[in-house]
Amino acid sequence: MLEDLGMDEDDEEVVPLPNVNSPILKKVIQWATFHKDDPPPPEDDENKEKRTDDISSWDADFLKVDQGTLFELILAANYLDIKGLLDVTCKTVANMIKGKTPEEIRKTFNIKNDFTASEEEQVRKENEWCEDK
Amino acid sequence: MMKGNGPPKREGKMRIRAFPANMDEKYVDTIWTLLKNAIQEIQKKNNSGLSFEELYRNAYTMVLHKRGERLYTGLKEVVTSHLENKVRQDVLQALNNNFLSTLNSSWSDHQTSMVMIRDILMYMDRVYVQQNDVDNVYNLGLSIFRDQVVRYNVIGDCLRTTLLELVARERRGEVVNRIAIRNACSMLMILGIDSRSVYEEDFERPFLQQSAEFYRLESQKFLAENSASVYIKKVEARIQEEVDRAQHYLDQSTEPRIVDVVETELIKKHMKTIVEMENSGVVHMLINQKTDDLACMYKLFSRLRDGLKTISECVSKYLREQGKGLVQEEEDSKQNEAAAATGLPCSGGTNAISFVQKLLDLKDRFDHFLKNSFGNDRIFKQVIAADFEYFLNLNPKSPEYLSLFIDDKLKKGVRGMSEQEIESVLDKAMVMFRFLQEKDVFERYYKQHLAKRLLLNKSVSDDCEKNMISKLKTECGCQFTSKLEGMFKDMTISNTYMEEMKEHLMNKGQTCVSGVDLNVRVLTTGFWPTQTVVPKCNIPTAPREAFEEFRRFYLGKHSGRQLTLQAQLGSADLNAFFYGSMRPSGKADDGASGGGIEMASTSSGTFSVVGGSKQPRKHIIQVSTYQMCVLMLFNNQDRLTYEEIASETDIPERDLIRALQSLAMGKSSQRVLLKHPKTKEIEPSNIFCVNDNFYSKLHRVKIQTVASRGETEPERKETRTKVDEDRKHEIEAAIVRVMKARKRMQHNSLVAEVTQQLKARFLPHPMVIKKRIEGLIEREYLARTPEDRKIYTYVA
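Sequence order for the protein chains is A and X. Here the first sequence is numbered in the numbering used here, starting from 1 and rising by one per residue. Here the second sequence is numbered in the numbering used here, starting from 1001 and rising by one per residue.
Everything labelled a hint here was simulated from the structure, so no lab data went into it. Virtual Cβ for every residue (Gly too), placed ideally from N, Cα, C. Do not take every clue at face value.
Keeping only pairs whose Cα atoms sit at most 20 Å apart, straight-line, the calculated EDC-like set for lysine to aspartate or glutamate is [said to hold, decoys possible]: (1) X:K1234 with X:D1147; (2) X:K1759 with X:E1475; (3) A:K26 with X:E1053; (4) X:K1234 with X:D1194; (5) X:K1309 with X:D1367; (6) X:K1290 with X:D1377; (7) A:K83 with X:E1053; (8) X:K1036 with X:E1170; (9) X:K1771 with X:E1715; (10) X:K1066 with A:D81; (11) A:K48 with X:D1133; (12) A:K83 with X:E1174; (13) X:K1557 with X:D1490; (14) A:K83 with X:D1490.
Just the calculated beta-carbon pair ranges, DEER-fashion [unchecked claim]: (15) X:I1179 with A:D53: 51 to 61 Å; (16) A:A32 with X:L1164: 20 to 30 Å; (17) A:I111 with X:Q1111: 45 to 55 Å; (18) X:N1097 with A:H35: 37 to 47 Å; (19) X:K1269 with A:D81: 54 to 64 Å; (20) A:T52 with X:V1028: 32 to 42 Å; (21) X:H1248 with A:D81: 12 to 22 Å; (22) X:R1196 with A:D114: 53 to 63 Å; (23) X:Q1093 with A:F34: 54 to 64 Å; (24) X:N1096 with A:A32: 54 to 64 Å; (25) A:F34 with X:V1028: 35 to 45 Å.
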């Protein structure tokens, strides 16, 4: 993002970031510092299948935080356009969803069920083919 | 399923910022207004007071809350209205002055502001644009600029005309603002977004069209005013100019296209005209040795696919003309020569030599062009070779003449030349040899000439002879040269015999037999060219006895062999005493006899004295064997008629006439005999007597034999017949060879195969081959298959 700003190597310019609060920013900087020598990621192939089981152990540890932080990290990574961090955080959340029934997911994320009974039935029917019998 | 409302409120250390559940329209409006103003400020170049982060964040928020479409459409409107209302007006006002620079500066301003706008709207680019498959911000800006400004009717036309006008002016020699054009061209390229179509349609196509027109007119003007070489230089200059132009201020991809246009208009359409231009085209250049001009033309024409073909055709035509002219003028003049040459040292030979020399000179000339103008191009090499082959074989005497040429060189021509020069002359002769189709005819003549050289001791250098033979061997294989090598061996062996003979005689206490110093050369029949009928000749006693002695000696060494005297090949040295005064008469002595055996005499015989009583003058005369027989008759008689001479010596008429001609009708320093009456022809009743008044300043006189270098017509026919005979055998041998290997073959394939095998020696005619096949069928070497008459089988 910095390069979009068209900034020089001028260290004294203050960059306001109202969208990101300081603890989250600290975490972001921590992640970025650890990954500062990473090779640039390859061109993203839209069609390539993405895996969720390739999170490095350091990242996994780093992301052992409460959900709130996790989601804030996602937002920050999105806003700051940090692809690596965005990927790893989203993968983590995806892993939290995988393998759970809808009810379990609701419990994990504290989501209110706002379907009527008939709506829920309809949706279940549509997705019957996914279920393992 | 998440509805994208963001994370719910949670108890915890941090309070998660609440998402506005549904962003209300008012908030969205506010954000949009903020952004819109910012964009407009950027377009007015007032961006310094703006906060990047704030704008970015607002755009981010809008897109995040699913208002991307509104943002996108809004952007489109703002940009369009700015370009329509402000930028376009500016450009329109400048249509008549500073058009290009105004357009250029508007363009670069637009680019700059779009970059900044893209930056603040980057989140939208990343997310909304991707998801909805629309143009990204920058490209959107480009297409609006293209449609609303550049292609707005008046502006588009003006742009095109201005650019074309500038190019036209530069072509006329004026200096123009290249940078302006370059900026315009690169703008057009960029406006094509991912293709060059805008550049192509708006500029390149009309440019190429105008260029074609321009060069079409120019070509006509140039051609009318200039010679070929000047035209070519001008064309090259123009091509270079266009290449420059394309590299400096058009788009580079235009280069091959414009060069193609120039080549087509200036060269391709006029290839023949240029090549055939009177007084300056290819022919003129060839005649006047304009090597550099030809090189320029070659370089230029090699750009086009058929260019070189056109030049090579013209060169070929000229070369064939020249070659044919040389070859045919030879034929005509030779007819006249033959008519005039009835005897006496004939210069018919010089015709052959000059014929070949002229051909070699022609080849040298064209090789020079090949190397220096045509860069050893393969096409030209092939063309020249084909042409030489063509006209060399037009004259049936070419093989004979080539052999004569080499003969001359090996006899005396190489005197005074360095080894390298000799080598190069012989090599060039070999090049000509390769062009010959009738190599077997050449072989026959070469053998004849070589025989004469060896027997008459005429070759200047043995090394050169051997050199030549090895060249022929490399070219044609051993079969060609084995006989020639045999001839050399015979000469060496004969020398050995003579040594042994001398020893043998010494042991007997003799120095020579019958007073004759004999020198014999034994020729193996198969190697040397033979006459079909060995002419007889009555040899005088002394030489004959000497020969018999040798024969006894030889047969003592090798039984089961036969020796035959070859009377037409020998020579003799005679001691002659002339007893006349100022008009000397002469007498001839015993001398050697000839006939396959050469003998030299040292003894002296006497002769009757006639006329004056001065001191007898002594000369040694070198004559042929026949002449010796004739002269020795005058030892016993003063005068003889032709008929008497003929019956005494038994020499064949043609040879006898020749011998008498050189003895009696040559120059006065050669006239050993006198003839009555002094007519031009020799009649049977003519009387011959010794010329006592014979005078020559040389002690040793060589009587020139009337040996016409070239063959006379009847001789030529004879040689030709022999060649044809040989060819029949070779064809049959080839047919049998092929059939033995294949066992079964169709007629056409057989003919083709046989032709292929023989073509290194001569080109057989299919009809002749057919006749030979039929002959072989009769003699039961081949058979026709019963099912198909066109298929033959081999009969073992």
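Verification of the supplied hints:
1. X:K1234 with X:D1147: With a Cα-Cα distance of about 42 Å, the restraint between X:K1234 and X:D1147 is violated, given a limit of 20 Å.
2. X:K1759 with X:E1475: At roughly 13 Å apart (the allowed maximum being 20 Å), X:E1475 and X:K1759 satisfy the hint.
3. A:K26 with X:E1053: 19 Å, holds
4. X:K1234 with X:D1194: At roughly 38 Å apart (the allowed maximum being 20 Å), X:D1194 and X:K1234 break the hint.
5. X:K1309 with X:D1367: 18 Å, holds
6. X:K1290 with X:D1377: 18 Å, holds
7. A:K83 with X:E1053: Distance of about 19 Å is within 20 Å: holds.
8. X:K1036 with X:E1170: 46 Å, violated
9. X:K1771 with X:E1715: 27 Å, violated
10. X:K1066 with A:D81: 18 Å, holds
11. A:K48 with X:D1133: Within the cut-off at roughly 19 Å; holds.
12. A:K83 with X:E1174: Given pair A:K83, X:E1174 is violated - Cα atoms ~56 Å apart, limit 20 Å.
13. X:K1557 with X:D1490: 16 Å, holds
14. A:K83 with X:D1490: Violated - the C-alpha atoms of X:D1490 and A:K83 are around 99 Å apart, more than 20 Å.
15. X:I1179 with A:D53: 51 to 61 Å: Since the Cβ atoms of X:I1179 and A:D53 sit about 58 Å apart, the hinted range of 51 to 61 Å holds.
16. A:A32 with X:L1164: 20 to 30 Å: 55 Å, violated
17. A:I111 with X:Q1111: 45 to 55 Å: 48 Å, holds
18. X:N1097 with A:H35: 37 to 47 Å: 58 Å, violated
19. X:K1269 with A:D81: 54 to 64 Å: 60 Å Cβ-Cβ, so the 54 to 64 Å window holds.
20. A:T52 with X:V1028: 32 to 42 Å: The hint (32 to 42 Å, Cβ to Cβ) holds, given that A:T52 and X:V1028 are roughly 35 Å apart.
21. X:H1248 with A:D81: 12 to 22 Å: 40 Å, violated
22. X:R1196 with A:D114: 53 to 63 Å: Cβ of X:R1196 to Cβ of A:D114: about 55 Å, so the range 53 to 63 Å holds.
23. X:Q1093 with A:F34: 54 to 64 Å: 59 Å, holds
24. X:N1096 with A:A32: 54 to 64 Å: 57 Å, holds
25. A:F34 with X:V1028: 35 to 45 Å: The hinted range 35 to 45 Å holds for A:F34 and X:V1028, with Cβ atoms some 38 Å apart.
Checked against the numbered hints given earlier, this structure breaks hints 1, 4, 8, 9, 12, 14, 16, 18, 21; the rest are met.
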